[in-house]
Every structure is written in C-alpha cells, then in structure tokens.
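**Student:** Residue numbers (my numbering), protein chains in the order written: chain U, 1 to 300; chain R, 1 to 300.
Just so you know, the hints here were simulated from the structure itself, not pulled from any lab data.
As the structure is a computational prediction, the values presented were derived from the model and not from experiment.
Please note that the accuracy of each hint is not assured.
Copies of the same chain look alike in the list, so a pair counts if it works inside one copy or between any two.
To be verified - The calculated lysine-lysine pairs, modelled on DSS-like cross-linking and capped at a C-alpha distance of 30 Å, are: (1) K94 to K281; (2) K162 to K26; (3) K94 to K249; (4) K69 to K249; (5) K28 to K113; (6) K35 to K194.
There are 2 protein chains.
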Amino acid sequence: MKDKFYTYIQELQDTITSQLEEVDGKAKFQEDIWKRPEGGGGRTRVIENGNVFEKGGVNISGVHGELPKSMQSYFGVEDADFFACGLSLVLHPKNPMVPTVHANWRYFEMYDKQGNIVDQWFGGGQDLTPYYLFEEDAIHFHSVCKKACDAHHSEFYSKYKKRCDEYFWNAHRNEARGLGGLFFDYCKATPAMKMQDWYNFITEVGDSFIEAYVPIVTERKHIDFNPLQREWQEIRRGRYVEFNLVHDKGTLFGLRTNGRIESILMSLPPHVQWRYDHHPKEGSEEARLLEVLQHPKEWV
Amino acid sequence: MKDKFYTYIQELQDTITSQLEEVDGKAKFQEDIWKRPEGGGGRTRVIENGNVFEKGGVNISGVHGELPKSMQSYFGVEDADFFACGLSLVLHPKNPMVPTVHANWRYFEMYDKQGNIVDQWFGGGQDLTPYYLFEEDAIHFHSVCKKACDAHHSEFYSKYKKRCDEYFWNAHRNEARGLGGLFFDYCKATPAMKMQDWYNFITEVGDSFIEAYVPIVTERKHIDFNPLQREWQEIRRGRYVEFNLVHDKGTLFGLRTNGRIESILMSLPPHVQWRYDHHPKEGSEEARLLEVLQHPKEWV
Numbered sequence: 001m002k003d004k005f006y007t008y009i010q011e012l013q014d015t016i017t018s019q020l021e022e023v024d025g026k027a028k029f030q031e032d033i034w035k036r037p038e039g040g041g042g043r044t045r046v047i048e049n050g051n052v053f054e055k056g057g058v059n060i061s062g063v064h065g066e067l068p069k070s071m072q073s074y075f076g077v078e079d080a081d082f083f084a085c086g087l088s089l090v091l092h093p094k095n096p097m098v099p100t101v102h103a104n105w106r107y108f109e110m111y112d113k114q115g116n117i118v119d120q121w122f123g124g125g126q127d128l129t130p131y132y133l134f135e136e137d138a139i140h141f142h143s144v145c146k147k148a149c150d151a152h153h154s155e156f157y158s159k160y161k162k163r164c165d166e167y168f169w170n171a172h173r174n175e176a177r178g179l180g181g182l183f184f185d186y187c188k189a190t191p192a193m194k195m196q197d198w199y200n201f202i203t204e205v206g207d208s209f210i211e212a213y214v215p216i217v218t219e220r221k222h223i224d225f226n227p228l229q230r231e232w233q234e235i236r237r238g239r240y241v242e243f244n245l246v247h248d249k250g251t252l253f254g255l256r257t258n259g260r261i262e263s264i265l266m267s268l269p270p271h272v273q274w275r276y277d278h279h280p281k282e283g284s285e286e287a288r289l290l291e292v293l294q295h296p297k298e299w300v
Numbered sequence: 001m002k003d004k005f006y007t008y009i010q011e012l013q014d015t016i017t018s019q020l021e022e023v024d025g026k027a028k029f030q031e032d033i034w035k036r037p038e039g040g041g042g043r044t045r046v047i048e049n050g051n052v053f054e055k056g057g058v059n060i061s062g063v064h065g066e067l068p069k070s071m072q073s074y075f076g077v078e079d080a081d082f083f084a085c086g087l088s089l090v091l092h093p094k095n096p097m098v099p100t101v102h103a104n105w106r107y108f109e110m111y112d113k114q115g116n117i118v119d120q121w122f123g124g125g126q127d128l129t130p131y132y133l134f135e136e137d138a139i140h141f142h143s144v145c146k147k148a149c150d151a152h153h154s155e156f157y158s159k160y161k162k163r164c165d166e167y168f169w170n171a172h173r174n175e176a177r178g179l180g181g182l183f184f185d186y187c188k189a190t191p192a193m194k195m196q197d198w199y200n201f202i203t204e205v206g207d208s209f210i211e212a213y214v215p216i217v218t219e220r221k222h223i224d225f226n227p228l229q230r231e232w233q234e235i236r237r238g239r240y241v242e243f244n245l246v247h248d249k250g251t252l253f254g255l256r257t258n259g260r261i262e263s264i265l266m267s268l269p270p271h272v273q274w275r276y277d278h279h280p281k282e283g284s285e286e287a288r289l290l291e292v293l294q295h296p297k298e299w300v
C-alpha cells in the first residue's frame, strides 16, 4: 500500500504542477529534492511570481524511521517505527478575485520493533479560501468534492465537509479560514471500508482537485481589481498566516519534529498585511465574505 | 502593590506615547478603552502610518476575576482568583535602518477564595530587533539595560540578558528574533529581594526604555534606504510573526484565554513578506545581521 500510494502522489504531483503551469502561462515550478537525515525525504515544487500564482507549492514527501518522541506522546504509543507520505499544496494567486486553495492527501503506517504493521490510515482533504465571494465558485468546488465522496459513501460528503469547517476554524477570530471543502483523518480499515477502499476514495478526491479548482481560476483570473481589493486580500492573507501558525496541527507538527522548514512554510502567502482593528464597510463585498466566514453554510 | 504598579504603568504609558509622538512628528496614538466582561479592561494606544512608526502599540491592561481553567493548569493551582496588569509595547518603524522594539512590564497576584494573596510576582523585559546591524545601537541598548540592572543586583544583567536570548529564540529557524535585551519572570519576594525591591527594579527598567530606544531612532530615522532594503525588512518581519504566533507564550496565552485579540495582535507588523528559501548574499549586510542572530553575542 505504501509503495502504491507513494507512486500515486508522485504522479499526481506531476499532473497538478503541469496543469497549473499551463493555467499560469508564465512561471514554472522550481524543484528541490531533499533528504531527511533520519530516513526518507521529499520533492518540493514551488512557483513564484507567475501571471496567476504569486506564490505556491505542490510538495510530496515520504519519511520513515523511528517515531519521534513528540509523535509518540501524540499517538499514545511507545517505541515504534513509522512511514508517512503525502502531497501538500497551497496556491496563493495574485488576483484577489481568484481564491487560494489548499489540499493534502497522506498515508501513515506504524510498525512494531519486528517491522509488523500495527496501524495504518489515510487522511487529507481540500479547501478553498476566497477573498471575494462568488457563490457559484463555492458551489462548484463543493459539488466536485461531493461527487468524489458520493462514489464511496453517501455520508462522506456531509461528514467530511463538517469536519473541514470545524478544523479550519480560526478560533481566536471566531471565523472560518475559508469556505471549506473536505477534511478527513485516521481513515482506518473497517469491515465496510478496507484499506483498498480508502485508497480508492482518497485517490478519487486527489484526482478531483484539478476539476475542483482550475475552472474557478480560469473564470476569475482576468477580472480587473483595484489596490483596495488587493489590500483586502493581503489583510485576509494575514488570517491565513494566523491559522497556519497558531492552529494548524500539520504545520506545528512539522515545526516541532524538525521537518524541512522551507517546505512546511511554503504555505505562507507572499505579501501580507496586518492593520489594527480592521473592519470592512457595512454592506460591502468584503463584509459579505466575512458574514459567510463567520457563519459557514451548506453549498450543495 | 497592585494599585501602585497600575498607577505606575498608566503614567509610563503617557510618558512613552508622548515621547514617541514627538519623535514621529506626524502620527498620533489612537486610544481604545476596552472592558473585559469577567473583570477589568485596558487602554490600547495604537500608532499607524507615521513618519517614523509604520505601526505600533503601547497598551496597558488590568484584569481580574476567577483564574481561567487554562491558567489553572498552567500554574498548577485549582480554583483561585487573580489580578494581572501590565504594559506591553511593540513598535514597527517604516525605515529598515530603525530597529523594531518590544517591551513589557507586568505584575500578577493570585488569591485564595477568602481573598488572601497566596502568590505575587513581577515579570517583563525589553528587546531590540533590527533589520540592519549597527553595533553601536546594540551596545547602547544593552548598556542602558545593564545600567538599570546594576543598580539592583550585580548579576541581574547577565542573568536576564541570557534569559532574553533563550526566550526570543525562533527554534524552528535556529536563530534569535533579534539582538535581545532583558527578560525576567516570576520575580517573587525572597529574603534578599522584597516585593518593594522588585518594584524598584522593574520600574527602573521601565523608566529606562525611552533612553534605551529613542536615541537609536533619532540617529537612524533619516538614513536613506532602497526598495531591496525595505524588502529585507519585510522578510525579517515574517520571522517576527513566526516567533509571536508559534513561540511567544504571552501571545498564545492571550489567544487561548479569550483576551482582546486586537490588542494582543497589534504586535504584528503592517507589511510582511514570505519568500521560499530566501537567503541573503554571502558577505552582505543582510548576512552580517543573520550571523549575529544565529550566534547571539555579548554587547557590553
């Protein structure tokens, strides 16, 4: 399973980066291959200063070895070995009319000291963070998520959509990071869903990413915007930074377990602003977005 | 003691804000008075878009009531009441040749259910975060810190300078946030230092702030800078954000105990950049700063 899934994310990285380069039309992903001293490594691909993408990364990694102390207490296990691999992506477009997107698909195995698998699970999801609200974009993104889910279980979409809203909640701001999508974790074998079934599910979600995001980019990338709209985008990006550095378990985990910092923090936006006590004007487009972030809704 | 110290920080806030307005020559501090529903409140003063200060705050607060659950486990106590007050300031200058500064002076009392004081302590410090290294500025700042310490104990400066270097360590970057200064906490009564002695010490440090910082601002605020230097400042400000949101106990504490978000996050810089895998050129002024941040040194 681990080899099959690692092969899958390698191919998915190729597909996604080549599709995004085509949409961008100018910038190319720059690749960094890195090794983890304790075992494994990754292939980081970063795009900067494109026509469409101001900054973004589509990264894969596969790491293994002894489970770090911090992860032992996190998982409530003693000495164990592990293997973890995944694809993580974040794209920050230049145009505030084009939403930021994040996605992650990952697989984890834990072994006893004899090398037997004692636990294994999939996790992941994808979610959209716009700066201006185009309801049809939210509906499109969520519809694609739902279609990928419905092929595997009638309740997956509603369950993982809800988890996504809960996970990407910027608690100290009392608002969502974005419009959500899917979030799932610890997807383990059950009588009804074997690991192969989970594999089929997660790869279907992975395969749906381009369909979920690229049509939105194509539709919005040519819309004109003014400096005030750009400013709003940079202020909202500040909230993205706050979520990732204060609340995001994946980011904090990476920072605390001595992950590759530059690959982890590629998620941070290129230009960001913080204003004191900033509030959009009542009745404005900016206030309309905020309203939806404060009260997550059903899109499909 | 609590009334005396609260009166002191009120007056210190007035002194500092009026001195800083004079240095700035353009922007004025805007004041927000806020109440904490559970008891107490604060006076937030923020300056934005000045000649010198792009963004900054000089805030006081005095809060009291039942010790929140999260603080109970933090301090290892059960039901208790508390009083906490302090002055916190952060100033982000526009000109990258002028350093950012942070300072905080605070007092804490804990009570049993009969209202008796069961514990009390002072804490605080002040530290400098430049974007370009002027060694004479570091020496000046640390000399003023040392002078304030030496009047109270011959070992305070070396002890609290070291604690400052340790506290403001951006562990995931393996570098200091800035050039340090002083950091002390849990300053409690001992046979050698009564609470009044600690009061004398902390107010001497508080009184030294203007002398420690303002001459540096006056000296550097007229130096010309170019867009590349400004860019470097914005990238370094990213590290400041990373420290405050990932490592700073005070910030995280405020966010988790439902503090006033806008007063807590006034510490975040106005314009910030994140680049992928950014490194200054070997032998450059930027690399010289980094070298000192990676290897904190003795300035006096």
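**Student:** Run every hint past the structure and note whether it holds.
**Tutor:** Structure-based check of each hint:
Both within a single protomer and between protomers do K94 and K281 lie at most 30 Å apart by alpha-carbon distance, with minima of 23 Å and 27 Å respectively. In the homo-oligomer, the alpha carbons of K162 and K26 never lie at most 30 Å apart, since the shortest distance is 37 Å inside one protomer and 49 Å across protomers. Taking identical chains as interchangeable, the C-alpha atoms of K94 and K249 lie at most 30 Å apart only when both belong to the same chain, with a minimum of 27 Å there against 34 Å between chains. For the homomeric pair K69 and K249, the shortest alpha-carbon distances inside one copy (16 Å) and between copies (22 Å) are both at most 30 Å.
Within a single copy, K28 and K113 get their C-alpha atoms no closer than 43 Å, and across copies no closer than 65 Å, so neither meets the 30 Å cut-off. Taking the shortest Cα distances, K35 and K194 never come within 30 Å of each other, neither inside one copy (32 Å) nor across copies (55 Å).
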